[in-house]
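Q: Chains L and U are the protein sequences, given in the same order. Counting in our numbering, the first sequence runs from -19 upward without gaps. Counting in our numbering, the second sequence runs from 4 upward without gaps.
The set of hints was computed from the structure by calculation and includes no laboratory data. Here the structure is a predicted model, which is why all the values come from computation and not from measurement. Think of the CB as a built atom: it goes at the ideal place given N, C-alpha and C, for glycine as much as any other residue. Don't take every hint at face value.
What the hints assert, rightly or not - If you want the ones that stay clear, here's a sample from chain L, every Cβ over 10 Å from chain U, calculated:
#1 Q(-2)
#2 L2
#3 E9
#4 P21
#5 H60
#6 L66
#7 S100
#8 Q105
As the list claims (entries may be wrong) - Far from chain U, by Cβ distances over 12 Å, these chain L residues were calculated:
#9 K(-10)
#10 Q(-5)
#11 L6
#12 A43
#13 N56
#14 H76
#15 L141
#16 H177
Claimed, not checked - Simulated pairs of lysine-lysine, DSS-like, Cα-Cα distance not exceeding 30 Å:
#17 K113(L) / K296(U)
#18 K401(U) / K89(L)
#19 K96(L) / K192(U)
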Amino acid sequence: MKSQSMSSLKIDNLQLSQQGKLLLSLNEEVKGGEVLTIMGPSGSGKSTLLNWLVGMLPSDFYANGELYLNQQIITNTASHLRNIGLLYQDPLLFPHLTVEGNIAFAMPKGDKKTRKDEISEALNQVGLAGMEKRCPQNLSGGQQARVALLRVLLSKPKAILLDEPFSKLDSQLRQETRQLVFEQIQRYSLPAVMVTHDESDAIAAQGKVITLDALPLNQAAS
Amino acid sequence: MIVANTLFTRLVRNSPYLLIALLVVPVLGGLLGVLLPAFGWFPALGANEFGLFGFVQLFNTPGIERMVLLSFGTSLISTLLAFVITVLILASYFNSPWLKRIQRLLGPILVIPHAAAAIAIGFLITPSGFLSRLISPWLTGWDIPPDWLFPHDPYGLSIILGLTLKELPFLLLIALGVLAQPEIGKTLKAQHKVASSLGYCPMTGFFKVILPSLYGYMRLPILAVLAYSSASVEIPLILGSNTPPTLAVAIMQWFNDVDLSLRIKASSGAILQILITLSLLGSWCLLELLVKKCSTSFLVNGEREYGGMLIQRVTHLITTVMLSVIGLALVAMVLWSFAGFWSFPDLLPQQLVTLHWSSALLQMQTPLFNTLVIAISTTLIAIALTLFVLEAEQQNTKTISAISGFIIYLPLLIPSIAFLFGLVWLFEQVNSQHAYINVVFSHLLFVLPYVFLSLANSYRRLDPRFSTVAASLGVQPSKIFWQLKLPLLLSPILIASALGLAISFSQYLPTLLSGAGRINTITTEAVTLANGASRRTSAVYALMQMLLPALFFILAWAAPKLFFRNRG
Chain L
-19 MKSQSMSSLK IDNLQLSQQG KLLLSLNEEV KGGEVLTIMG PSGSGKSTLL
31 NWLVGMLPSD FYANGELYLN QQIITNTASH LRNIGLLYQD PLLFPHLTVE
81 GNIAFAMPKG DKKTRKDEIS EALNQVGLAG MEKRCPQNLS GGQQARVALL
131 RVLLSKPKAI LLDEPFSKLD SQLRQETRQL VFEQIQRYSL PAVMVTHDES
181 DAIAAQGKVI TLDALPLNQA AS
Chain U
4 MIVANTLFTR LVRNSPYLLI ALLVVPVLGG LLGVLLPAFG WFPALGANEF
54 GLFGFVQLFN TPGIERMVLL SFGTSLISTL LAFVITVLIL ASYFNSPWLK
104 RIQRLLGPIL VIPHAAAAIA IGFLITPSGF LSRLISPWLT GWDIPPDWLF
154 PHDPYGLSII LGLTLKELPF LLLIALGVLA QPEIGKTLKA QHKVASSLGY
204 CPMTGFFKVI LPSLYGYMRL PILAVLAYSS ASVEIPLILG SNTPPTLAVA
254 IMQWFNDVDL SLRIKASSGA ILQILITLSL LGSWCLLELL VKKCSTSFLV
304 NGEREYGGML IQRVTHLITT VMLSVIGLAL VAMVLWSFAG FWSFPDLLPQ
354 QLVTLHWSSA LLQMQTPLFN TLVIAISTTL IAIALTLFVL EAEQQNTKTI
404 SAISGFIIYL PLLIPSIAFL FGLVWLFEQV NSQHAYINVV FSHLLFVLPY
454 VFLSLANSYR RLDPRFSTVA ASLGVQPSKI FWQLKLPLLL SPILIASALG
504 LAISFSQYLP TLLSGAGRIN TITTEAVTLA NGASRRTSAV YALMQMLLPA
554 LFFILAWAAP KLFFRNRG
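Just chain U, with the same shape it has in the complex (with noise of 0.2 Å):
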């Protein structure tokens, strides 16, 4: 394709090239900024010998393999569930209204940050939270509540709760939106049609026919999701024990403590998170290999039906307890919100009180300014970039380069735990003391991956007859992006915008570090809240993370409505 050179499509045709620096400097430039601390060089405390004591120290830390062993515990398990039940609930209701009503009620689900989703599933299990209210006293006889452990519970089972519930709609999302590719979704389509001709029952007709290739496009948000478990920190912190922490969790005390030298046993520990994570991924593959080896013959053996009405019925139940759990968080984080006093165990608050609300609105105006100004800043920044990087695509005509598609993600791919104090430490170097502008930064390495992910399909589906008539009548590649391209897409950038707001609302790690503890947002607060006193403050908090979000969603969901209203 001929290209004019014109100065827009200079800048289009070197967009590319800046939307990789910013993706591999920061986290390259991250790692490298914890690995030599990791291994003792670390002049501001006048370590400058290169050596191993950071790791000495670090294996030395009481309680370190219970610390590890939660990490990789917790990301494995709460994965696999949440993996097998999305194949369960697939596999129930494939070809059944109730996949699109249950995508529905999940989806919502994504955009709620992980500290708000925590912070519900809290209020839910917690002693005196809503399910021991539920059952006592009638059941359980209890008129104070009981002595569990739950949250915080020693051996993560709170931890794999929360992270289940959380990544499940994402897995299945994805499933969904492979199933919905015209040409992948109606080939299985067809082929579970055929083993259902050849007398599979529909149940083992997909776990026989659609799973294995399905499966072929879910393993890469699989791995992204088992790396970005495995060292997450918002849901360990809100849920898990603190005798001993997760590896995350205690690496970010470790390098938010006042005595620095801590710093390199930090360091070392990022390390380790890192490796952790690559063994996690590596138990995975041989997991994969050895499911593979196994169902080999059992493809083929002819069986037509394996329990499927049993399977089917454990799905139901599965799928009602897993949707009334994220109800009743709902219900109790909205309740605690307005309640005034509610004593033990009484279902309902005494009174309703609208005190919480209105004291912690007065309270959120900066955090929440905070939050706005930095979300949109980086969303306008992400937005623009990757329909240039899209647009120049289109202009080479042909996608970008395998390496270029895996770089996009690497952010993702990487545990931010391990890259981001070392980024803060090259911020340091370059005399970057704006923290806004650290924030922003930081937040772009999460915001544009998701808004890429999510244009990337729309803008590649546009029908490039479009731009060929307009070239055609004479109109400037420009004026076809600015003027053609761009209110064709109006609906896909809108809804890319409002997720590159939801992940910016929600990020906690790179804000509290970037921003050096200075800059507070709705998420900072929420999570230093949901450990603290007042339960009902941070109910509020949780609920505003929520409804940020949402009201976005909303937003970019009916802007184009109101826009074309006029026509037909």
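For reference, chain L alone in the conformation it holds in the complex (with noise of 0.2 Å):
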């Protein structure tokens, strides 16, 4: 039973072709607090990958193999109703709400003074106290990506998807960003699928670590 209820994020035999041809074959699975790290070069297929997880595979690609999570199948499940959080290299905050708005707008429904202290907390632990009202658009880079991390976390998901998440944060950001992502991921026992080019983000991730070849030219191009 125990292991029943333990997170998890399968790929199990995903087989992802465009126009016939094969673009990679994966089998895996990703238990809670543990990051899979998806390296590769352009056009290797790690977006297709992402896009494949999230349930957004473009109309020219082809996907053979099942997706679990938690145990469920949820492979075609809707985007919106899979669970899955994902972080971007970009924060994406949203420019027409505030810091707590972004993250209120994540949460869960809910009692209105419940969540509005569940945000305050949060940003606590983070560095962002008392920086509720504020607008996206005046934090620094560091603090945008905060506030994007929180963003997910607090949607509570079962999974969370990392698509080159630091790298538009210089080194020293970089690493203090890194390691608060890592924390939390393993603090909400979260299975996690990281997508990289840089080889010190999947050392500090601490988990296995796929590299996927580069496809010949005339594969690449199309």
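Combine the two chains into a complex, taking the hints into account.
A: The following block contains the structure:
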């Protein structure tokens, strides 16, 4: 029973292809708190893999295989019903909402006061205490990255995908943010898949690393 | 940037001043020419004393409240409807291939002149029109045309229908244009994806994430649409009631009255029109505030799903109905233009004849010639001036100031009925008797903004390194302009020209007034015929109004392909 309730993201015999040509095949299971790192040059199918995981595979690609989240099959679930959070290299905060609004947007419905307290506490934990009413545009890059992280975490996802999440931060900030993100992933015990170009990200993640091959040129071009 | 001092660069550098002067002088002069008589100063009538009797006369006009209400109501409701439907379409078909298809279907409607659109809708909803024929007698049992009030209904419903159908494609294309801009579009789509990954259904995600940002970019075009529709003349003239008409139509009738003393009342009316337009803009801004205030907690309450499926179904329905209305109106018009005897309630004419076309084409020669001469002269001037101004921007390495940018759209924001009469008075003062030149001059006010709007993006986006490379090879600025930039921009220039021609073709009020009624174009003839006896001739003219711009757009689209056919 215990292993049943353990959170996990399982990619079962995935084969991604485009116009009949195989892009990649993958068979992996990521347990809660672990980070699976995918590396590879551009055109190797990293972003296609992410698109498949969130359920937004463009129609010119074809996928074979199943995706399980906590033992439930979600291969054909609409992307907004998957409970898979996404963290991009751009924070993509909503400019029409405050910091608080951005996080509240992500949280489940509930009592206004409880949600507000939860936001304040979370901001406090990542060193952004008192920034509730600020506009996201006026924050520094590192602060924006932290708000984006809180937004994903407080939406209570069951798994998280990281799409080159640190590539726009300079090296000092990069280390701090990276550490924070991995700490939080362990704290919430989330299965995570990270796509990155950067060797040091892969090392810091301390999980399994898969390197995708570059495709032959004629395939990569298409 | 160091710029060589040649005749060409001097010409270019001064072109923005010419552009601003060409737009500001007529508009402000025109406003002055209305303001003075509105307050009683009209020497030609021997009225040399300032006073408010124009306004007294105006407010004593029977039905004036209804005129104001009609102007206010029809424009506010139609703009609101067009906006809501635009948003529904965007929300329902965001990320769907249907958005592109709807865009392609609605795009051509943008260049259909207001007058032609109104005539087409009239054919559909008139008692013996296509709509009542479609449902008679099998559904309604009608053997004679029903006794309904459409068009010309006293509540302005027909006007609202006409305005909405005409405004909708414009707003939709503006929104799609924003989404197509690389940075904005990409960010908004990524944010939508974020919302989706946070569990928001696509529809709610659109309303809570995309719309608040997108609206900021649509705001000015919406206000322009609102201002335009509050004072437009063609649609209320053709589809509206005449007892009483909208204020703009009434003003036009007073100005054109043989009784010159009505001019003072008309001028006061023009001032009232400006106030109505301003109060409409103000009301819209208040509505914005209200919605903003009410929606703050709605945006962050965490609710992910608001009956998106239902909204989507309603949108499918609205879109289908709208496209059918447009399609049926066009079919009806084509049928009428070929109809021989066509008794009610037959769906199709008993016989099809080409008589209306052949006789109309014969009568049409002079108007057609006028239309083309005026449109081509206007567009050539507009294109040349726009290109020079955009080149001046690049010479100064900065875009024109915000004020100049605003001034370019001035003629579109100020109700034309309010300044065109003053402009005519101004023409009289400088003793300009050349009707053609006057008409070209007034068309320029409306053609220039659109040509500028259409060309500016492509010109600004042209890779500056082309000119840098050419300059480093020792090529003169004038040669870079003529032999490098213009050929590179051939396609956008041709499209902008087609747009300019289409705008000029569609002008009714400026042609009528600046030409002092002596210059007939296809559009002025079409409006005159719209409420006349022969529905068949009217159909031919309205179709000509649509065919002309379509022809030039096809040319603009095909010409570069033919021109560059021999290159890989």
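Q: Take the hints in turn and mark each one as holding or not.
A: Status of the hints after comparison with the structure:
Its beta-carbon lying about 19 Å from the closest one in chain U, Q(-2)(L) satisfies the requirement of being farther than 10 Å from that chain. Taking the minimum C-beta to C-beta distance to chain U, about 26 Å, the non-interface status of L2(L) holds against the 10 Å cut. Annotated as non-interface, E9(L) keeps its C-beta farther than 10 Å from every C-beta of chain U; the closest such distance is 21 Å. With a least CB separation of 22 Å from chain U, P21(L) remains clear of the 10 Å interface cut-off, as annotated.
Not every CB of chain U lies more than 10 Å from the CB of H60(L), the least distance being 5 Å, so the non-interface label is violated. For L66(L), the requirement that its beta carbon stay farther than 10 Å from each beta carbon of chain U is not met, with the minimum near 4 Å. Remark: the non-interface label on S100(L) is consistent with the geometry, its nearest Cβ contact in chain U lying 14 Å away (cut-off 10 Å). No Cβ of chain U approaches the Cβ of Q105(L) within 10 Å, the least distance being about 20 Å, so the stated non-interface status holds.
For K(-10)(L), the requirement that its beta carbon stay farther than 12 Å from each beta carbon of chain U is met, with the minimum near 19 Å. The Cβ of Q(-5)(L) lies farther than 12 Å from every Cβ of chain U, with a closest approach of about 24 Å, so its non-interface assignment holds. For L6(L), the non-interface assignment is confirmed: its Cβ lies about 20 Å from the closest Cβ of chain U, beyond the 12 Å cut-off. At roughly 18 Å from the closest C-beta of chain U, the C-beta of A43(L) stays outside 12 Å, upholding its exclusion from the interface.
At roughly 16 Å from the closest C-beta of chain U, the C-beta of N56(L) stays outside 12 Å, upholding its exclusion from the interface. Residue-level check failed: H76(L) sits 4 Å from the nearest beta carbon of chain U, not beyond 12 Å. Not every CB of chain U lies more than 12 Å from the CB of L141(L), the least distance being 8 Å, so the non-interface label is violated. With a cut of 12 Å on Cβ distances, H177(L) stays outside the contact zone with chain U, its closest approach being about 19 Å.
Straight-line distance between C-alpha atoms of K113(L) and K296(U) comes to about 16 Å, which keeps the hinted pair within the 30 Å bound. For the suggested pair K401(U) and K89(L), the alpha carbons sit about 48 Å apart, so the restraint of at most 30 Å is broken. In summary, the hint linking K96(L) to K192(U) is supported, as the alpha carbons are separated by about 28 Å, within the 30 Å threshold.
When held up to the earlier numbered hints, the structure conflicts with 5, 6, 14, 15 and 18 and fits the remainder.
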